[in-house]
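Visitor: Taking the hints into account, I'd like the entire structure generated from these sequences.
Quick mapping for you: the protein sequence lines, in order, are chains A and B. When you line the first sequence up against our numbering, it's residues 1 to 334, in that order. When you line the second sequence up against our numbering, it's residues 1 to 311, in that order.
Calculated from the structure, these hints are not laboratory results.
One-sided and incomplete, this derived list gives chain B residues near chain A with beta-carbon spacing under 10 angstroms:
1. Lys49
2. Leu93
3. Thr102
4. Arg104
5. Tyr105
6. Arg110
Restraint-style ranges between C-beta atoms, simulated for each label pair:
7. Ala76(B) with Thr301(A): 54 to 64 angstroms
8. Ala76(B) with Ala29(A): 54 to 64 angstroms
9. Gly203(A) with Asp218(B): 53 to 63 angstroms
10. Gly17(B) with Arg236(A): 20 to 30 angstroms
11. Glu92(B) with Cys202(A): 23 to 33 angstroms
12. Gly9(A) with Glu117(B): 15 to 25 angstroms
13. Gly37(A) with Leu111(B): 40 to 50 angstroms
14. Leu207(A) with Ser231(B): 55 to 65 angstroms
15. Leu207(A) with Ser2(B): 35 to 45 angstroms
16. Phe317(A) with Ser90(B): 22 to 32 angstroms
17. Gly188(A) with Asp68(B): 56 to 66 angstroms
18. Phe317(A) with Glu92(B): 20 to 30 angstroms
19. Leu323(A) with Arg88(B): 17 to 27 angstroms
20. Trp199(A) with Arg137(B): 37 to 47 angstroms
Pairs of lysine to aspartate or glutamate residues, derived as DMTMM-like cross-links and limited to a Cα-Cα distance of at most 20 angstroms, are as follows:
21. Lys116(B) with Glu159(B)
22. Lys185(B) with Glu227(B)
23. Lys207(B) with Glu228(B)
24. Lys233(A) with Glu74(B)
25. Lys49(B) with Glu222(A)
26. Lys238(A) with Glu74(B)
27. Lys185(B) with Asp173(B)
Think of the CB as a built atom: it goes at the ideal place given N, C-alpha and C, for glycine as much as any other residue.
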Amino acid sequence: MKNRALRYGLCMVLLLALNAVLLAWNINAGSVDFTPGEVLRALLDGNAGGIIWGIRLPRVLAASILGGALAVSGFLLQTFFANPIAGPFVLGISSGAKFVVSLSMVALLSRGIVIRSAALIAAAFAGSMLSMGFILLLSRRVKQMSMLVVSGVMIGYICSALTDFVVTFADDSNIVSLHNWSLGSFSGISWENVRLIVWVVCGAMLLTLLLSKPIGAYQLGEVYAQSMGVNIKRFRVKLILLSSILSACVTAFAGPISFVGIAAPHLVKSLFHTARPIVMIPACFLGGSAFCLFCDLVARTAFAPRDISISSVTAVFGAPVVLYLMASRKGGRT
Amino acid sequence: MSNLRLHTENLAVGYNGRPLLQDVGLTLRQGEIMTLIGPNGAGKSTILKSVIRQLALVGGAVYLNGQDMAGLSEGAIARQLSVLMTGRLSPELMTCFDVAATGRYPYTGRLGILTKEDREKVFQCLELVHALELADRDFSRISDGQRQRVLLARALCQEPEVLVLDEPTSFLDIRHKLELLAILKDMVRTRRLAALLSLHELDLAQKVSDWVVCVGADGIGRQGPPEEIFSSDYMMELYGTARGSYNALFGSLELEAVKGTPEVFVIGGGGMGNSRLPTFAAAGHSFCCWRAGGKRFGFSSRGGSGGGGRF
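Guide: As structure tokens, then:
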């Protein structure tokens, strides 16, 4: 027992250190070269107009927090569906959010109304719930985990098609930003966005942590959870709402980002060698955060000064993990 | 305090508001094992699922320690009643200790962190089911028999007064079936629990139960102590068996008796004949034998090789 606590502690420290290194590296690296000393001075200066404080820092913070939110959202969905390859992107939840956000953006921008961050989250949340509703309906009929994922991918395609349809009716000036956003990117995130992201994600994370006890019971299945005293109906609603809020927050600001929700929880699970929610929830957050920081670093620097979309990078590193998971589950009981 | 642990009133169970079984009258007392037997699909599991509130009741009420369960909170029920369900369970990355420790759920705080006493209780329960050495093993990598014992320990960690077990012996080989039921019987006696279970194995049901409830195709049949229930004719009726017979002495179902003239006549005694009969059957002889009860059995496998009966 002591060994386990030690292992969790060490792994947490490792993840924190990884995050710190990646944060520093992300702030330092970019198309404009800075020496570490210059970066430090710029940070202390607090010059809001500068590259470091004005552009890189909000982007790095957003990547870190949203990456964490995505991983936790994935962990919740995996628990809910008892399926290791469930995640907000794979199940089409991100695409649903993308559709409603672009719909409201196009509708409002064409009337000259600028959307506030909070409204963006609300639209993304509505879209997430829309996809989630479909997935829940399907999951009653479709028992096989692979089929559920296929259903999610289909919902994702439908939503993407609808989004493209909406985009054709957008003004030319909006299309560029809409296009960038709909591919997934952390660029262009403002301090106002970051402030809201911090509030929403911190709130949702706190509630998720408070839910870790019933999540642990739920890992043994619904029947056992109920027999231990979990109010299943209420618990399911809470789990769905939290995972949707977390992933909606990501989609609202960075667009749909693929595979972080599956890859990060799985890698973290293997590192900690446990699935205990009270450990996994903070660990997934840190893991997803590091994963996204790393991917955003690649996205910004690999073909600098050109940004590539974050989703292409997360897919390159995340999809193999998902493939491995599917292949390794084949022989086991599902 | 009354020793009545679980009872039902006008209970009707079924799916989507349509009753499958009506007037299910169960009365379970402290220190008793009540077993539901009957053919597949008759509704044994439906009754158990309704009692543990996995299924909504179609009618009537279930009382736990004299209180209507509909009016009890989830936590209050969990501290009095725990379950062991059929079906395999393969949670990710959980040790047997972790699985058993989930039984402490109704007693831990908001975040479910185990106290020292909780840990001791978990170890005690693992010891009771002879699974202490499994504590650090991965739950998904132990045998089915061990798994059921760990799940029984989990149920005991909940410190219940009533245990509900849905076909706990389903996937087990004979040794583990006996072992599990022996532990259960011991727990019920020593800890004054009450157990409600369903079983497929009539011989085991006969040995382990204090009270047997027959769930037939047309509703709840007889119920009573095993010595009254396990009469040959009634078992045939319950399972709708037209061919073959139920052997009340051994508690097993037998193949149909041979008709015609016997070639071999076996006089057994003290169980000696038992082991010989399949040999004759396998050799292709029809035979006839008598035993103390005076009932005739027979096997025939004329024209077939290797056919035989099971005793």
